[in-house]
Each structure stands twice: as structure tokens, then as C-alpha cells.
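Undergrad: Could you put the whole structure together from the sequences, leaning on the hints where they help?
Number of protein chains: 2
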Amino acid sequence: MTNRRVLIDSLPKERLSEDNFKIVEDRIPSIEENEVLCRTLLVTIAAGSRAGLQGSASYAGAPQAGVVMNATGVCRIEASKSEKFLEGDLVVCQSGWQDYSSQKATHCQKIVNDIDLKHYLGALGTNGLTAYFGLHRVGQPSYGETVLISAAAGSVGHLVGQFAKIIGCHTVGIAGSEGKCAQVQKRLGFDSAVSYRSKNFRNELKEACSKGVDVYFDNVGGEVLGAALFRMKERGRIVCCGAVSQYDTSQPSGSPKGIPGLLVNKRIRMEGFLVFDFLKEYEAARKEIKQLIKNKKIRPENDVFDGLAAAPSAFVDLLAGGNIGTRIIKVDD
Amino acid sequence: MTNRRVLIDSLPKERLSEDNFKIVEDRIPSIEENEVLCRTLLVTIAAGSRAGLQGSASYAGAPQAGVVMNATGVCRIEASKSEKFLEGDLVVCQSGWQDYSSQKATHCQKIVNDIDLKHYLGALGTNGLTAYFGLHRVGQPSYGETVLISAAAGSVGHLVGQFAKIIGCHTVGIAGSEGKCAQVQKRLGFDSAVSYRSKNFRNELKEACSKGVDVYFDNVGGEVLGAALFRMKERGRIVCCGAVSQYDTSQPSGSPKGIPGLLVNKRIRMEGFLVFDFLKEYEAARKEIKQLIKNKKIRPENDVFDGLAAAPSAFVDLLAGGNIGTRIIKVDD
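Protein sequence lines, in the order shown, are assigned to chains H and S.
For the first sequence, position 314 (counting from the first letter as 1) is numbered 314 according to the working numbering, and the numbering increases by one without interruption.
Just add 1000 to wherever you are in the second sequence, counting from 1, and you've got the working numbering.
To be clear, the hints were calculated from the coordinates, so they are not data collected in a lab.
Given the structure is predicted, the values throughout are model-derived calculations rather than measurements.
It cannot be assumed that every hint is accurate.
Here are the simulated SDA-like cross-link-like pairs (lysine to any residue), alpha carbons at most 25 Å apart as the crow flies [to be verified]: (1) H/K257 x S/K1104; (2) S/K1257 x H/K297; (3) H/K266 x S/D1306; (4) H/K330 x H/I23; (5) H/K280 x S/K1233; (6) H/K257 x S/K1081; (7) H/K266 x S/S1245; (8) S/K1211 x H/F276; (9) H/K257 x S/I1031; (10) S/K1206 x H/G254; (11) H/K266 x S/K1206; (12) H/K257 x S/G1258; (13) S/K1233 x H/K330; (14) S/K1296 x S/S1313; (15) S/K1330 x S/K1013; (16) S/K1266 x H/R187; (17) H/K266 x S/F1276; (18) S/K1257 x H/E14; (19) S/K1013 x H/G258; (20) S/K1199 x S/E1178; (21) H/K287 x H/R187.
TA: Spelled out as C-alpha cells, the structure:
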């Protein structure tokens, strides 16, 4: 029995490619006192990890060449030297892209097999919590307000739109193609959607947000943020969640125009957040989100690929906008 | 008896000059029912008015060539067709740069002659209220936090620093010369001050804010905002009050770098406001500020020029950074 591991082979200089990774076979790690051996079942492919691959430290950490690619996984405990876990228990932990990992028991979060396990990496994981706290705590939309969401088909965005709909907001998505826009409306229930690749993007955005935007949930930064800024209503709120348009490049675009002038004239609040800030409230939020899934009030999308070997290409494709919902690699049953 | 009026003769294409104004003599206006005739005693020169002279509408309104330059004044009622006012009453109103104006009684705010009247245009006027609400409501600093203020010697900035000091904050000012920096520390009581024209501005700023910045009160935008952004602490707040660096030019600089990336990683809140948003609380704030002045807890600076004819050159000089405190034209006794 060996441990397949996907290592970062080199940090990308321009766009990320599969060549930046290599797969090695290693021995299965041993465990010490208060540790557990985790068998990875499911593992995430997250756009945010690309920020870390830029070589400088960010909220995503600072990965280096030669180490296993970091990621959250759903794992089964194969061996335990901790009182907290028994063999067969299911946990969420920072498994990375590999078959097996040794983990400190205190770094593993026990989960219950009462729902599709993939949701623990999507709507019940960092993505869902990011959508939940970013929208409710930072954006603070009210009934009837217009909520605009970029990367609307993405792991976070597709949930933001659904949470906003529950409050009774008018939801407008921004995505990267006509096809995705159609999915955002049909499958995810957004009121409308606009492709930022359209020639008439700015006009179409204006039409879709005819009353102006109360809350803009920004996952992308760059030019899309710039366009959204000009659609904000007075006292609008911009939730700065990520800047995925700036990650997969060596030459990030400049900041959007109109800062700070537009912020002053329209009294706009622009606020960054990290989901970790709300750690103490995770449990209550997860409980609420689980109920929403069970009652079919939201429909989280998980976009599953088979086998660890698919991880690098699935990541490259994700950064090119290939996904709807949370991209997950199924490593083992 | 004639009414001297300073008119906007042309909108500036590049930097504002005295030639953009002309002084005319006109007849004293008549008044209708519910109006009063106001004799201007004191009138403000405000950097914010420059934004309006860019020809596009802003919070400063949209002045046009051929009209009297807009400004707030302290006036004495010379004639009244309103039950609200008697001859001799003192009021604050939008007098403009002129000797006499007819005003609707409802647009005049009665004031009491129990304090230096100039304060009604400074610490008790829009400048003081802007400093007060911007700092307390938007910036929300706490005891011991570092508050950084640009245009620290300016009409708003010099009060922000003094209000922050009362709370027990560490105050750092940014101004345009070594001389002004010295004044900011000696006369206004800031803990330290840095000139943005210094070759080592960024390093000096870093040293002055050695613990990082909790609240940055931004009056200038542009490159100074860019430098401040990199000094912000986690959960820092940027109060977007104005962008005076962008007003007196036909080619405003771009937005600062690091937006939205820095906002996300450091969970920074960047928020614009207009003082008018706090209209309902003006009276309580004025009462508090008046008490602070009387108890010598703050020392508002008023920078007085003599005679209406000096207004254009005083405005040009203000935009070049010539003032400390609120610049006021004494029109009549």
C-alpha cells in the first residue's frame, strides 16, 4: 500500500498549468500519540489556493515547491492514537491532495453521515460559510434589495445567490459565458445573469440592475469590480471576498477607477473579510445551512471529478472558469 | 450701496487660477415674503468646492460659469419679511462669496453670539461636523488605537486629530511640508506628522505608525491613500472623506494599488460618508463641540483673510496647501 501525493513541483510564473504539479508515491505516514491516520475520501479544488501559489503569503498560506498541495478533505480514520476518534469515524481536515495523511486529532472535525458527504466541502464547508457570513454579516442585505454576485456559478457565489433569494432579494449573477449564465438562472434560481465576456457587458449589467445595486458580493476584483462600482446605489455595500481575476497571472490589473471618489459621493462601504473571523459561529451556521439543504431551500452544486490524478487538470480548468459549484475530487469510497 | 459678488467666470481646465473668477458690482437684492436680506460677515473658502468646479455634479453641487461662487457664510439679517428673524439676528446660510444675499428664512440657521463667530464656519460648521461624524461614526476608533489623518492641517483634518486625541488615540498627521508638520505637532497636538512631499515619505510613514494604523481618515485620495493602505492593521478602517489631491487637476491619478486584495487579507473596511447623512444629530454634536472649545479641550484654527477681493487668491492658495485650519474671508464686521 502506497500513498499517492500530488506535490507542487514549481510555482507558476504566468498561468497555472498541470506541469506545476507532480504525482509521487510515498509510504503511508506513521502516527504519534494524539494523532490519527486519515484516508482521504473527497478533497476540494479551491480557486483561493491559487493566491497562495503566487509565492507570497496570503490568507491561503504560502505553499512552496516540493510540498503536497494544500486542500480540505473529507477523510475516514484508518488508525487512531487519540481518545477522540475511533477507526471508521468521518472527519474534515486539511488532508491535502493525497491518499493518506497523519493529523493531530485536535485538527480534525468529526462529521455525521446524515447528508451527502460532499456538502461538508461545499455548502457546509469553507465555501458555504464564506457565502453565509460574507452575505449576512458584511453585506447585510434586506428584503427587496438587489444583490449582485460575481463568479456567480462558483463555489461561493452560487450559494450567495441562493442565500440572498431566501431573504427576498433580487439576485443578479455575473459569470464567464452565456452557457453559465443560463445555468445560474435555471439551476440556481438567480433572477438574471450577465456574462462579463459579453461585448456589451457594462450595458447589460446596467439593464440587469435597473434599480442599482445595494450589495455587491465581489469574488473577482479587477475590471468586473470596476464595472460593479459604477452600478452601486447610495449606501451600497461591497463585500470583498476574493480577487480570483488577479490570481492566475503574473500581471494583476490595476485597482478599479473611482476610489475613493465614488465611495464618498455614494457613501459606499467596501469591506474585506475572511471566513475564519467567524469561527465561533460556524457551528450554528452549519446547523442552519444543513437544514436549508434538507428542506430543499437551497440547492448546493458539487462538481465531482474522479481520482487524485485528475486534480491538477481540474484545478487549471477551474481557474479558466470551468466549474459550477464546488469542485471536488473523489479519491476513495 | 452696491453688492460686490465674486462670480465663477469660467470652469478651470487644469489647475484653478484667480482668472477663473471675476468680481462684479450689482444691486442689493430685494426680498419676498418669508425671505430675509443677509449681510455677509464671514464666508468660507472650502477645498471641497473645487470638486464642484470640475463641471460634473458632486456632493458639492454643480456650479456653472456666471453664477456667484457658492459658500457658507455667517450673516447679519438686514431686513426681514419672515416672522422667524428680526433685523440684527445672526445666521449661518449659503451666502456665497458676496456682500448681500436674499435667503428663504427656512434656509437660515440662527446662531448665538456666545463664541467667536468664526467657529460657526469651522469647528461648529460643516468642517467640524464632518470631522466629528467621520471619526466617531465611520472610523470608530478606541482608546490606544493609532489614527492617521491626511490633510492633517486642513479644515477637517486638524479637528479629526484633536477629537481622536480626546479619546486617547495615538495621532499621526500627513501634511504637505516640514513646516506644516511642525505646526501639526506643536499647535494641534498630534503625536507625530509626516510630509508626503518627503523623499522618504513611505519609510517615514512606516516609522510614525510603528504599530500600524487602526483608522485612516482620508481627505486626499490618490497616492497618499495608496501609501496609507499598506500601513493598515487587520480590521483597520479607512474613512473616505474626500479626495482633494484629485480635485485641482484635469488628470486625476488612478486608484491605489491593492484593492481589493489588501482589503480581503487584512479585513479592511473602507467607507465613504457625507456629513449631511447625520443631519438629525447636528444639534447634539454642535453642543458637544462648543463645550469642548469653551473648555479648551480642542483648539480649532481659523485662518482669516480680509475682504471679498481676496477670496479667489485665498482659494488658489488653499488648494496649493497654504492653510492651517479653516480658511475664512472676513467680509464685514
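Undergrad: Quick check: which numbered hints come out false for this structure?
TA: Result: hints 1, 2, 3, 6, 9, 11, 13, 14, 15 and 16 break, sorted rising.
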